[in-house]
Structure formats: structure tokens, C-alpha cells
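Given the sequences, and given the hints that come with them, work out the whole structure.
Given next are the chains, with one letter for each unit.
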Amino acid sequence: MNKKQIAITLGVMCFLLTIAICVQLRTMSSASSTVSQTLSDNGLRDEVLKMKEKYDNAYRELENAQKELEKIRQEATQNDSTSEAKEQELRENNILLGNTDVKGDGVEVYLEDAKNANSINPSYQIIHFGDIQDVVNELKNAGAEAIEINGQRLVNTSAITCEGNIIKINGERVGSPFHIRAIGSQSLLYGALTRAGSCLDIIREYGNTAEVTRVDDITIQKYAGSITYKYMKEDK
Amino acid sequence: MIFIAIILGCIVGALIGVNMPMISYSYSGYLAIAIIAALDSVFGGIASTLKKNFDLKIFVSGFFGNAILSILLTYLGQKLNVDIYLAAIVVFVGRMFNNLAIIRRYYLDKWTEKRQKNKKVEAKEMTKK
Numbered sequence: 001m002n003k004k005q006i007a008i009t010l011g012v013m014c015f016l017l018t019i020a021i022c023v024q025l026r027t028m029s030s031a032s033s034t035v036s037q038t039l040s041d042n043g044l045r046d047e048v049l050k051m052k053e054k055y056d057n058a059y060r061e062l063e064n065a066q067k068e069l070e071k072i073r074q075e076a077t078q079n080d081s082t083s084e085a086k087e088q089e090l091r092e093n094n095i096l097l098g099n100t101d102v103k104g105d106g107v108e109v110y111l112e113d114a115k116n117a118n119s120i121n122p123s124y125q126i127i128h129f130g131d132i133q134d135v136v137n138e139l140k141n142a143g144a145e146a147i148e149i150n151g152q153r154l155v156n157t158s159a160i161t162c163e164g165n166i167i168k169i170n171g172e173r174v175g176s177p178f179h180i181r182a183i184g185s186q187s188l189l190y191g192a193l194t195r196a197g198s199c200l201d202i203i204r205e206y207g208n209t210a211e212v213t214r215v216d217d218i219t220i221q222k223y224a225g226s227i228t229y230k231y232m233k234e235d236k
Numbered sequence: 001m002i003f004i005a006i007i008l009g010c011i012v013g014a015l016i017g018v019n020m021p022m023i024s025y026s027y028s029g030y031l032a033i034a035i036i037a038a039l040d041s042v043f044g045g046i047a048s049t050l051k052k053n054f055d056l057k058i059f060v061s062g063f064f065g066n067a068i069l070s071i072l073l074t075y076l077g078q079k080l081n082v083d084i085y086l087a088a089i090v091v092f093v094g095r096m097f098n099n100l101a102i103i104r105r106y107y108l109d110k111w112t113e114k115r116q117k118n119k120k121v122e123a124k125e126m127t128k129k
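As given, the protein sequences belong to chains A and B, one line each in that order.
FYI, my numbering numbers position 32 of the first sequence as 32, with every residue one higher than the one before it.
FYI, my numbering numbers position 120 of the second sequence as 120, with every residue one higher than the one before it.
Keep in mind that a hint or two might mislead.
[Said to hold, decoys possible] What follows is a list of derived Cβ distance ranges for each label pair: (1) Asn-121(A) x Tyr-27(B): 48 to 54 angstroms; (2) Pro-21(B) x Ala-58(A): 20 to 26 angstroms; (3) Asn-42(A) x Val-91(B): 18 to 24 angstroms; (4) Val-90(B) x Met-28(A): 20 to 26 angstroms; (5) Ile-16(B) x Ile-227(A): 44 to 50 angstroms; (6) Lys-120(B) x Asn-42(A): 55 to 61 angstroms; (7) Leu-44(A) x Trp-111(B): 47 to 53 angstroms; (8) Pro-21(B) x Asp-113(A): 29 to 35 angstroms; (9) Gly-197(A) x Pro-21(B): 50 to 56 angstroms; (10) Leu-15(B) x Ala-159(A): 43 to 49 angstroms.
Everything labelled a hint here was simulated from the structure, so no lab data went into it.
Ideal Cβ placement from N, Cα and C applies to all residues, glycine included.
Written out as C-alpha cells, the structure is:
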């Protein structure tokens with residue numbers, strides 16, 4: 001057994017070891033920055049992280065299943081004229097509900113908090129949920145057919161809420177800068193937002209950024225959740 | 001020579017490890033216990049090199065065998081709802097301290113020997129004068 005061989009083996013082992021340690025350190029630092037004192041807290045944190053992982057996996061599975069369902073539906077209706085009409089109706093309803101990715105011309109509104117806060121009241125210099133609601137209202141009033149805010153599709157159950165210092169849309173956090181994209185008549189949408197005294201003017205008053213641009217061929221993602229009902233019935 | 005190889009391995013490993021993809025959180029517990037087992041093997045390897053009874057086969061099989069065995073035991077413990085990994089940690093860390101003690105004693109002995117030799121030489125020179 002010569003020394004060279006020993007050195008090489010030990011070197012290779014240390015190499016593997018440090019790789020494993022680095023991977024572990026990165027995983028742990030991404031999981032959480034603080035380790036709590038008590039064992040039960042640690043256990044709960046563990047559970048939360050595991051549940052989150054499970055949720056992500058389940059969501060991916062759901063997406064795959066939806067794709068498969070779509071395919072099966074198409075195959076089933078290929079040779080049948082009545083079910084083809086039904087299929088058409090289903091597709092249109094899905095587009096209206098926000099269950100499909102849609103494409104079309106429209107506008108993009110860009111809102112951002114003021115960069116240099118120099119006002120007496122810093123509250124004026126951030127985008128509030130009310131500002132977003134105003135923009136959305138204006139867009140809807142001007143005939144927007146599909147609206148998306150930072151990747152969150154607005155559907156009939158969507159709510160824009162203020163939760164302390166964060167804004168939630170569809171229950172998901174969104175933050176500045178906001179990209180609000182809407183599909184609809186470009187001239188109507190653009191005109192509604194650029195008229196004198198429009199909601200963007202009010203947002204701009206204290207130094208916040210608010211811009212609107214015409215964008216051709218916007219793709220808006222489908223709603224990520226599911227729309228269900230429990231209490232309402234059809235009135236015959 | 002050996003320490004240069006170890007340091008080189010650590011540096012290259014750290015550079016590659018930083019750019020590796022992260023593993024999912026549920027498996028990080030298993031990786032942690034494997035790291036402890038491997039760390040123990042490396043210290044054991046260094047100690048046995050110093051004692052001049054290093055065996056490549058024992059070292060490599062210990063490195064991978066201990067890591068895999070501890071992962072399996074952790075898995076079994078989770079299924080049985082017993083924290084078996086605690087036992088693995090106690091054993092491995094205990095052995096790590098043993099091996100560190102061997103390494104420490106080896107270098108302390110070397111150091112005291114050197115000093116005694118120097119003293120003897122000085123004493124001889126004094127008598128000559």
C-alpha cells in the first residue's frame with residue numbers, strides 16, 4: 001500500500017463528503033432560516049414542509065390529469081355531431097370561466113412603488129390594493145375579457161384583498177411591481193386608462209410608477225385553482 | 001501529501017456541491033445521517049494512516065457501507081416510530097472523537113519527541129563547551 005494510493009482515496013472520499021455537506025446545507029438553508037428551540041416546533045415545521053411538497057406534487061398530477069381529460073374528451077367527440085356541439089359549448093364556457101389559457105391583443109399596465117420615498121407619509125408612495133382594484137374596475141368597465149395580475153388570473157371568484165402589508169389575489173401573495181395584463185379592445189382599454197383624471201393619474205400623483213402599453217398577442221394563463229359551488233341551486 | 005489530497009478534495013467538492021441541485025426536504029434527514037457516517041469513516045481513515053495499518057478495502061467498504069446502513073436504519077426507525085438515527089449519531093460521533101484523539105496524540109507525541117531531541121542536542125553542546 002503506497003502513500004499515493006491512500007492520498008487519492010482519502011481525497012476522493014473527502015470530495016464526495018463535501019459535495020453531500022454542501023447539498024445538505026443548501027437544502028436546509030432554503031427550507032428555513034431559523035431553527036426553533038423546542039422539539040415540537042421543529043416537528044411542526046417538518047410537517048408543514050412535507051405537506052407543501054406533497055401539495056406541489058399533487059398539483060402537478062392534477063395538471064397532467066386535466067390534460068388527459070381534455071384529450072379523452074376530444075377523442076370521444078370526434079365522430080359525433082351532437083356531442084361536437086356540446087364540446088363546442090363546453091369549450092366556450094371554459095373560456096368564459098377562465099379555465100383555459102387564452103390569447104389576444106390587449107394592454108399591459110405596470111404599477112410600481114415609488115423608488116425614492118421622500119413624502120411625509122410613506123403610505124402614499126406604495127401601491128395599495130385599492131389602486132389595483134381601481135385599475136381592474138376601469139379595465140372591466142372598458143370591456144376587458146381576461147385579466148391577469150402577476151400571473152394570477154381573475155375569475156368570477158377572485159378577490160383582491162389587503163392582508164396587513166401584503167396583497168393577496170386568489171389567496172396568493174403578489175407584490176410590487178405589478179404587471180396587470182388584459183385582453184380586450186386595445187383602443188378602448190388604452191383610452192380608459194390614459195384619459196385625464198384616470199386612476200393611473202391618481203396613482204402617479206405621489207411618485208409611484210404607473211404605465212400602460214398596448215401589447216399584441218398576450219397569452220393569459222388559466223386560473224390555477226378550481227371553481228366549485230356548494231350552496232346555490234338552479235331555480236326552475 | 002495526504003493532507004494536500006484531502007484539502008484539494010474538499011475544495012473541489014465544495015465548488016461542485018454549491019452548484020448541485022437541491023434535494024427535496026423529506027430526504028434531507030437521510031442525507032444528514034449519511035454525512036455523519038461518512039465523516040466518521042474519513043476520520044477513521046486518517047487515524048489508521050497515521051497508525052500505518054490503513055486498508056483500502058476496509059476503508060472504502062466502511063465509507064459506503066456505514067452510510068447506506070445508517071440510511072436504512074433511519075428509514076426503519078421512521079417506519080417503527082423509534083428514533084434509531086439517534087443511536088447511529090451517538091455511535092458515529094463517539095468514534096469520531098476516538099479517532100480525533102488518536103490523531104491528536106500522534107502529533108503531540110511527535111512534537112514532544114522533537115523537543116526532547118533538541119534538548120539533548122543542546123545539552124551535548126553545553127557539555128562539549
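Hints versus structure:
1. Range check, Asn-121(A) to Tyr-27(B): about 49 angstroms between beta-carbon atoms, so the 48 to 54 angstroms window is met.
2. A hinted range of 20 to 26 angstroms holds for the C-beta pair Pro-21(B) and Ala-58(A), which are about 22 angstroms apart.
3. A hinted range of 18 to 24 angstroms for the beta carbons of Asn-42(A) and Val-91(B) is consistent with their spacing of about 23 angstroms.
4. Here the CB-CB span from Val-90(B) to Met-28(A) is close to 21 angstroms, well matched to the stated 20 to 26 angstroms.
5. At roughly 47 angstroms, the beta-carbon separation of Ile-16(B) and Ile-227(A) lies within the given 44 to 50 angstroms, and the hint holds.
6. Here the CB-CB span from Lys-120(B) to Asn-42(A) is close to 58 angstroms, well matched to the stated 55 to 61 angstroms.
7. For Leu-44(A) paired with Trp-111(B), a C-beta distance near 50 angstroms keeps the hint of 47 to 53 angstroms intact.
8. At roughly 34 angstroms, the beta carbons of Pro-21(B) and Asp-113(A) sit within the given window of 29 to 35 angstroms.
9. Remark: the range hint 50 to 56 angstroms for Gly-197(A) to Pro-21(B) is upheld by a beta-carbon distance near 52 angstroms.
10. Between Leu-15(B) and Ala-159(A) the beta carbon distance is about 48 angstroms. The supplied range of 43 to 49 angstroms therefore holds.
The earlier numbered hints are all upheld by this structure, with none contradicted.
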